[in-house]
Amino acid sequence: MNKETTTKVDATKMIDIVIDDRKISVPSGTMLLDAARQNGFHIPTLCYHEDLSRAGGCRLCIVEIEGQRALTASCAYPITQPIKVKTTSRRVREARKTTLELLLSEHCGDCYSCVRNGNCELQSLAKEHGLAKLPFGHPTEKAFALDTLSPSIVRDMDKCVDCGRCVRTCKELQGIGVFETVGRGNRKGISTFQNKPMAEVGCINCGQCVNRCPTGALTEKDSTEDVWAAINDPTKHVVIQTAPAPRAAVGEEFGLDPGNAMTWELNTALRQIGFDKVFDTNFTADLTILEEGTELILRLYKNLVEKDTSQPLPQFTSCCPGWVKFFEHVHPEMLAHVSSAKSPQQMFGALIKTWYAQLNDIDPESIVSVSLMPCSAKKFECNRPEMRDSGLKDVDFVLTTRECAKMIREAGIHLPSLPKSDFDDPFGTATGSGVIFGNTGGVMEAALRSVLEFVTGLKVEDIFENANILPVRGMEGCRFAEVKVPEKVGPVPPMIAHLVPNWEWLAGQTLRVGIAHGTKNARKILDDVADGGFFSTCHFIEVMACPGGCIGGGGQPIPTSPAIRQARADAIYKEDLAYGSKGSVRKSHENPAVLRIYKDFLTEGPCGPKSHELLHTSYWPRGKFIGSW
Amino acid sequence: MNIRNEVTFSTIRPRDGLKAALEKSRTEVVDDILRSGLKGRGGAGFPTGIKWKLAAEEKADEKYIICNADEGEPGTFKDRVIFSEWADLVFEGMTIAGYAVGAKTGIIYLRGEYGYLRQALEDKLAARHQEGLLGDKIMGKEGVSFDIHIHMGCGAYVCGEESALIESLEGKRGEARNRPPFPVAKGLFGKPTVVNNVETLAWVAAIFALGPDWFKHVGTEKSSGYKLLSISGDVAKPGVYEFPMGTKISAILKTAGADRPKAAVVGGASGILVPAKDFKRAICFEDVSTGGSVIVLSEDRDFLDILENFQEFFADESCGQCTICRLGNVKLLEGIRLLKEGRCTTKHLQKLCTLGAAMQAASKCGLGQASPNMFLSVLQHFKGEVLGRPQAEDHFANKRKAS
Numbered sequence: 001m002n003k004e005t006t007t008k009v010d011a012t013k014m015i016d017i018v019i020d021d022r023k024i025s026v027p028s029g030t031m032l033l034d035a036a037r038q039n040g041f042h043i044p045t046l047c048y049h050e051d052l053s054r055a056g057g058c059r060l061c062i063v064e065i066e067g068q069r070a071l072t073a074s075c076a077y078p079i080t081q082p083i084k085v086k087t088t089s090r091r092v093r094e095a096r097k098t099t100l101e102l103l104l105s106e107h108c109g110d111c112y113s114c115v116r117n118g119n120c121e122l123q124s125l126a127k128e129h130g131l132a133k134l135p136f137g138h139p140t141e142k143a144f145a146l147d148t149l150s151p152s153i154v155r156d157m158d159k160c161v162d163c164g165r166c167v168r169t170c171k172e173l174q175g176i177g178v179f180e181t182v183g184r185g186n187r188k189g190i191s192t193f194q195n196k197p198m199a200e201v202g203c204i205n206c207g208q209c210v211n212r213c214p215t216g217a218l219t220e221k222d223s224t225e226d227v228w229a230a231i232n233d234p235t236k237h238v239v240i241q242t243a244p245a246p247r248a249a250v251g252e253e254f255g256l257d258p259g260n261a262m263t264w265e266l267n268t269a270l271r272q273i274g275f276d277k278v279f280d281t282n283f284t285a286d287l288t289i290l291e292e293g294t295e296l297i298l299r300l301y302k303n304l305v306e307k308d309t310s311q312p313l314p315q316f317t318s319c320c321p322g323w324v325k326f327f328e329h330v331h332p333e334m335l336a337h338v339s340s341a342k343s344p345q346q347m348f349g350a351l352i353k354t355w356y357a358q359l360n361d362i363d364p365e366s367i368v369s370v371s372l373m374p375c376s377a378k379k380f381e382c383n384r385p386e387m388r389d390s391g392l393k394d395v396d397f398v399l400t401t402r403e404c405a406k407m408i409r410e411a412g413i414h415l416p417s418l419p420k421s422d423f424d425d426p427f428g429t430a431t432g433s434g435v436i437f438g439n440t441g442g443v444m445e446a447a448l449r450s451v452l453e454f455v456t457g458l459k460v461e462d463i464f465e466n467a468n469i470l471p472v473r474g475m476e477g478c479r480f481a482e483v484k485v486p487e488k489v490g491p492v493p494p495m496i497a498h499l500v501p502n503w504e505w506l507a508g509q510t511l512r513v514g515i516a517h518g519t520k521n522a523r524k525i526l527d528d529v530a531d532g533g534f535f536s537t538c539h540f541i542e543v544m545a546c547p548g549g550c551i552g553g554g555g556q557p558i559p560t561s562p563a564i565r566q567a568r569a570d571a572i573y574k575e576d577l578a579y580g581s582k583g584s585v586r587k588s589h590e591n592p593a594v595l596r597i598y599k600d601f602l603t604e605g606p607c608g609p610k611s612h613e614l615l616h617t618s619y620w621p622r623g624k625f626i627g628s629w
Numbered sequence: 001m002n003i004r005n006e007v008t009f010s011t012i013r014p015r016d017g018l019k020a021a022l023e024k025s026r027t028e029v030v031d032d033i034l035r036s037g038l039k040g041r042g043g044a045g046f047p048t049g050i051k052w053k054l055a056a057e058e059k060a061d062e063k064y065i066i067c068n069a070d071e072g073e074p075g076t077f078k079d080r081v082i083f084s085e086w087a088d089l090v091f092e093g094m095t096i097a098g099y100a101v102g103a104k105t106g107i108i109y110l111r112g113e114y115g116y117l118r119q120a121l122e123d124k125l126a127a128r129h130q131e132g133l134l135g136d137k138i139m140g141k142e143g144v145s146f147d148i149h150i151h152m153g154c155g156a157y158v159c160g161e162e163s164a165l166i167e168s169l170e171g172k173r174g175e176a177r178n179r180p181p182f183p184v185a186k187g188l189f190g191k192p193t194v195v196n197n198v199e200t201l202a203w204v205a206a207i208f209a210l211g212p213d214w215f216k217h218v219g220t221e222k223s224s225g226y227k228l229l230s231i232s233g234d235v236a237k238p239g240v241y242e243f244p245m246g247t248k249i250s251a252i253l254k255t256a257g258a259d260r261p262k263a264a265v266v267g268g269a270s271g272i273l274v275p276a277k278d279f280k281r282a283i284c285f286e287d288v289s290t291g292g293s294v295i296v297l298s299e300d301r302d303f304l305d306i307l308e309n310f311q312e313f314f315a316d317e318s319c320g321q322c323t324i325c326r327l328g329n330v331k332l333l334e335g336i337r338l339l340k341e342g343r344c345t346t347k348h349l350q351k352l353c354t355l356g357a358a359m360q361a362a363s364k365c366g367l368g369q370a371s372p373n374m375f376l377s378v379l380q381h382f383k384g385e386v387l388g389r390p391q392a393e394d395h396f397a398n399k400r401k402a403s
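Residue numbers (this note's numbering), protein chains in the order written: chain A, 1 to 629; chain B, 1 to 403.
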């Protein structure tokens with residue numbers, strides 16, 4: 001909204017302003033709200049979000065600027081001249097209070113039965129402003145039907161406060177535009193295309209809107225009741241796989257600062273609330289690297305040596321279900337570019353009900369496979385009709401980080417005070433490469449660690465210090481990196497020796513890789529590849545639908561901000577390094593459990609027939625078709 | 001119809017103003033407008049010369065002149081008359097503005113309801129092209145080029161607000177922008193943009209035809225020149241009138257033949273209510289400012305009917321982006337209906353007044369800031385008339401019957 005009207009911050013020019021009789025000095029162009037907050041003034045906001053453009057619509061951040069007739073929305077006021085500001089005057093207080101009274105006159109919902117109880121911005125504002133009576137009333141009857149058709153997101157318009165954060169999130173961050181402001185005056189509202197249910201519009205289920213909704217108007221589809229029912233059923237063998245991103249963030253739900261990973265405490269908690277086995281999704285993240293990395297090698301070989309372009313380059317990653325659906329909608333004609341490897345969650349699901357069941361002599365029908373993900377789109381993914389390669393639904397239920405925390409709280413457990421415990425076998429503890437899947441650039445880094453060692457026969461630590469492939473890290477929306485393959489290549493490892501004769505054709509070549517996070521950035525790269533632009537010369541492109549990657553996923557604790565996501569990302573990299581210091585492995589192809597499964601079960605190696613049956617999938621050219629599936 | 005001959009615009013020959021302006025340098029043109037004291041005729045009264053100067057000082061590859069012809073204020077219809085009778089003056093004003101600030105493109109944002117005027121305006125524009133008054137080398141002057149396009153509004157009141165108008169022109173929802181930056185710095189597509197009212201631009205042509213000093217010497221010290229007023233309501237001769245700035249309301253009402261007026265709504269639904277005791281006040285920027293609307297209310301009118309009508313309008317026309325305007329106008333409307341039914345408690349009425357004050361202070365744009373004006377004015381001047389409603393209703397019914 002009004003993006004072209006933002007003012008540039010000029011750090012060379014300092015401006016002296018007075019806020020509530022206190023003098024401060026700020027760079028010219030700083031927004032008044034930012035200046036105030038940086039200097040310890042509290043100004044309430046509702047439609048403002050750090051990740052989004054400034055709408056200035058809720059009118060809660062209003063302040064009084066001396067000499068101006070009307071009050072000013074501080075979030076959108078650039079300081080370009082000395083001003084005197086009052087943030088607490090009577091006019092300001094009364095206007096804020098009146099605004100809140102008006103908002104509550106339309107907000108229908110019982111706080112105590114709302115999933116956002118205790119973490120709702122409207123509730124906090126009402127408390128903060130001491131709303132005792134509601135002179136304009138408070139509705140007790142719902143005016144809208146609940147939209148529960150989407151497998152990922154529930155939309156309750158009775159709780160919507162028209163802040164427009166979901167509209168801006170979907171447009172500005174994700175480049176999709178599922179939501180739009182419609183109507184005027186008292187009929188103004190937020191709508192989907194033709195007011196259709198979320199399941200029937202071009203929504204990719206990423207849940208970024210949920211992360212930014214200040215109230216309970218947008219929430220994930222709750223699976224906790226189903227999971228409790230499975231746990232309570234003694235005939236069921238209930239297993240859970242946990243992804244790295246929720247482990248890095250779940251502590252926030254228990255009052256910890258962002259950046260405190262709770263991986264090992266979480267294992268204890270999950271066993272305590274009744275899961276029979278707790279597995280690490282990183283096992284299949286490592287497996288993904290081998291499958292997807294092998295696929296990349298095959299593609300490179302076919303394209304560069306055999307000149308066969310039936311599986312074209314660049315190859316795109318496929319582990320993000322939001323990204324996959326986005327791709328299916330936006331460029332259905334380019335689906336051959338997407339790796340056919342399933343996401344780690346779905347690989348795990350397929351293996352639990354086959355290999356794991358065989359190993360432990362458990363009837364696959366009695367297994368309930370749950371996964372803990374940072375993601376609402378994973379709920380959609382596990383319900384995709386093709387995700388039944390074990391003969392059953394591969395993953396039965398997906399819990400987001402928030403839902404998992406809810407279950408742990410419900411059981412009366414305070415997560416941070418639990419003792420630590422390890423994951424269960426046979427999938428064991430995975431590698432650092434699997435852990436960093438949670439960050440943007442992580443899949444790329446993990447893949448490069450393995451591919452480089454495969455090709456060169458060297459240790460990746462000898463090429464990149466500490467095996468940290470820094471060029472692919474960072475928070476830039478679209479990134480590009482080049483990795484040179486040394487002139488001297490090694491022998492082809494036995495695992496894939498039947499697929500390529502030697503590495504001579506890769507010697508001295510430069511691998512060109514691209515990375516995008518947030519589908520708005522993904523669209524830029526995708527369009528560029530479609531147009532034969534710069535990124536079409538890449539060999540491998542990683543995309544994650546959410547800003548920051550999975551650590552910023554739509555199922556993660558609320559709130560989110562660049563700083564919070566950075567803290568979670570740092571926690572993930574810390575955990576990766578820790579694998580090295582513990583003497584454990586940081587590279588997918590060294591994971592002993594992975595080596596074991598290729599020896600015992602997937603005996604024809606990566607991308608072999610059995611792998612293709614269980615670990616690979618196909619995609620739907622959805623295009624502009626929007627419907628439940 | 002005979003009034004037509006008495007107004008200034010009828011005496012101006014097209015081309016005179018443009019010719020005089022193009023003989024001057026760009027800075028002289030801006031200086032002349034500054035000297036004339038011309039202020040925006042849309043109602044806000046911002047000095048036109050300063051607006052032009054700011055836009056002229058901006059460095060940009062493209063600048064725009066927008067003629068705000070989204071005349072949506074209830075009771076205002078003078079711009080329609082200007083376009084029907086003296087459209088050339090508006091085109092000339094735009095061309096002069098373009099010359100002064102260095103813009104090559106002019107856009108007329110024409111109110112959706114005025115679609116019937118479009119063809120005639122397009123024909124006039126085509127004729128001006130033929131005559132070398134638009135396009136490249138205007139009046140043969142090297143380097144002076146300007147073109148005018150017409151863009152139709154779609155009937156949203158808020159699009160008369162300049163930043164919402166610009167959003168609408170960009171193809172977006174008509175919603176007011178955050179300011180600063182102002183349109184003169186970052187307007188249409190982020191380029192410096194001057195938005196002037198139809199009447200303002202017509203006066204620009206007149207000022208160059210007759211000289212800035214002629215304009216400066218009419219009106220009051222702070223409000224130069226003449227003002228067109230759209231007079232309606234309980235008057236014998238409704239229509240568009242021209243008065244010098246500073247004319248007393250009583251004189252205006254007399255000219256138009258007001259029928260037992262008890263108040264006048266000046267400035268439309270978002271203007272102010274002037275009770276009869278204040279009719280000695282004058283129409284000018286320093287006293288009662290207006291975009292042109294004067295609605296006369298006779299003694300038979302029920303203020304609550306008027307308020308309900310205005311409030312329905314605002315509840316419907318609020319763009320809805322800012323909370324306090326979107327919901328506040330609905331609550332005021334509900335409050336007025338409670339008053340009509342005699343069911344509004346004193347306490348609630350107090351709350352409504354707090355709400356009105358909060359709307360004036362905290363709304364994002366002029367629409368929300370002005371929407372409670374009338375409600376608060378009525379309570380200020382005629383509180384007795386709107387309280388204790390059941391009896392009062394009979395009172396008005398009888399009165400109407402009698403008259």
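Heads up, a few of these hints could be off.
[As the list claims (entries may be wrong)] Sample of chain A residues facing chain B (criterion: CB under 10 Å; computed from the structure): (1) T45; (2) L52; (3) R54; (4) T80; (5) A95; (6) D158; (7) V182; (8) G183; (9) N186; (10) G391; (11) E465.
[Stated by the list, open to error] Covered by chain A, according to a simulated footprint, are these stretches of chain B (three or more residues, beta-carbon under 8 Å): (12) 34-45; (13) 51-61; (14) 261-274; (15) 311-317.
[What the hints assert, rightly or not] Calculated lysine-lysine pairs in the DSS-like style (CA-CA distance at most 25 Å, straight line): (16) B:K262 - B:K59; (17) A:K171 - A:K196; (18) A:K97 - B:K351; (19) A:K171 - B:K191; (20) B:K124 - B:K141; (21) B:K141 - A:K188; (22) B:K340 - A:K624; (23) B:K141 - A:K97; (24) A:K524 - B:K172; (25) A:K8 - B:K53; (26) A:K624 - A:K196; (27) A:K196 - B:K172; (28) A:K142 - A:K221; (29) A:K8 - B:K280; (30) B:K59 - B:K104; (31) B:K340 - B:K383; (32) A:K133 - B:K280; (33) B:K104 - B:K24; (34) B:K351 - A:K86.
Everything labelled a hint here was simulated from the structure, so no lab data went into it. Remember, predicted model here, so these are calculated numbers, not experimental data. In this text, a Cβ means the ideal position worked out from N, Cα and C, and glycines have one as well.
Okay, the hints, checked on the actual structure:
no. : hint            : in the structure
1   : T45             : violated (12 Å)
2   : L52             : violated (13 Å)
3   : R54             : holds (7 Å)
4   : T80             : holds (7 Å)
5   : A95             : holds (4 Å)
6   : D158            : violated (15 Å)
7   : V182            : holds (9 Å)
8   : G183            : holds (7 Å)
9   : N186            : holds (5 Å)
10  : G391            : violated (51 Å)
11  : E465            : violated (45 Å)
12  : 34-45           : violated (count 0)
13  : 51-61           : violated (count 0)
14  : 261-274         : violated (count 0)
15  : 311-317         : holds (count 4)
16  : B:K262 - B:K59  : violated (52 Å)
17  : A:K171 - A:K196 : holds (18 Å)
18  : A:K97 - B:K351  : holds (11 Å)
19  : A:K171 - B:K191 : holds (23 Å)
20  : B:K124 - B:K141 : holds (21 Å)
21  : B:K141 - A:K188 : violated (50 Å)
22  : B:K340 - A:K624 : violated (52 Å)
23  : B:K141 - A:K97  : violated (60 Å)
24  : A:K524 - B:K172 : holds (22 Å)
25  : A:K8 - B:K53    : holds (23 Å)
26  : A:K624 - A:K196 : holds (15 Å)
27  : A:K196 - B:K172 : holds (22 Å)
28  : A:K142 - A:K221 : holds (19 Å)
29  : A:K8 - B:K280   : violated (49 Å)
30  : B:K59 - B:K104  : holds (14 Å)
31  : B:K340 - B:K383 : holds (13 Å)
32  : A:K133 - B:K280 : violated (44 Å)
33  : B:K104 - B:K24  : holds (18 Å)
34  : B:K351 - A:K86  : holds (24 Å)
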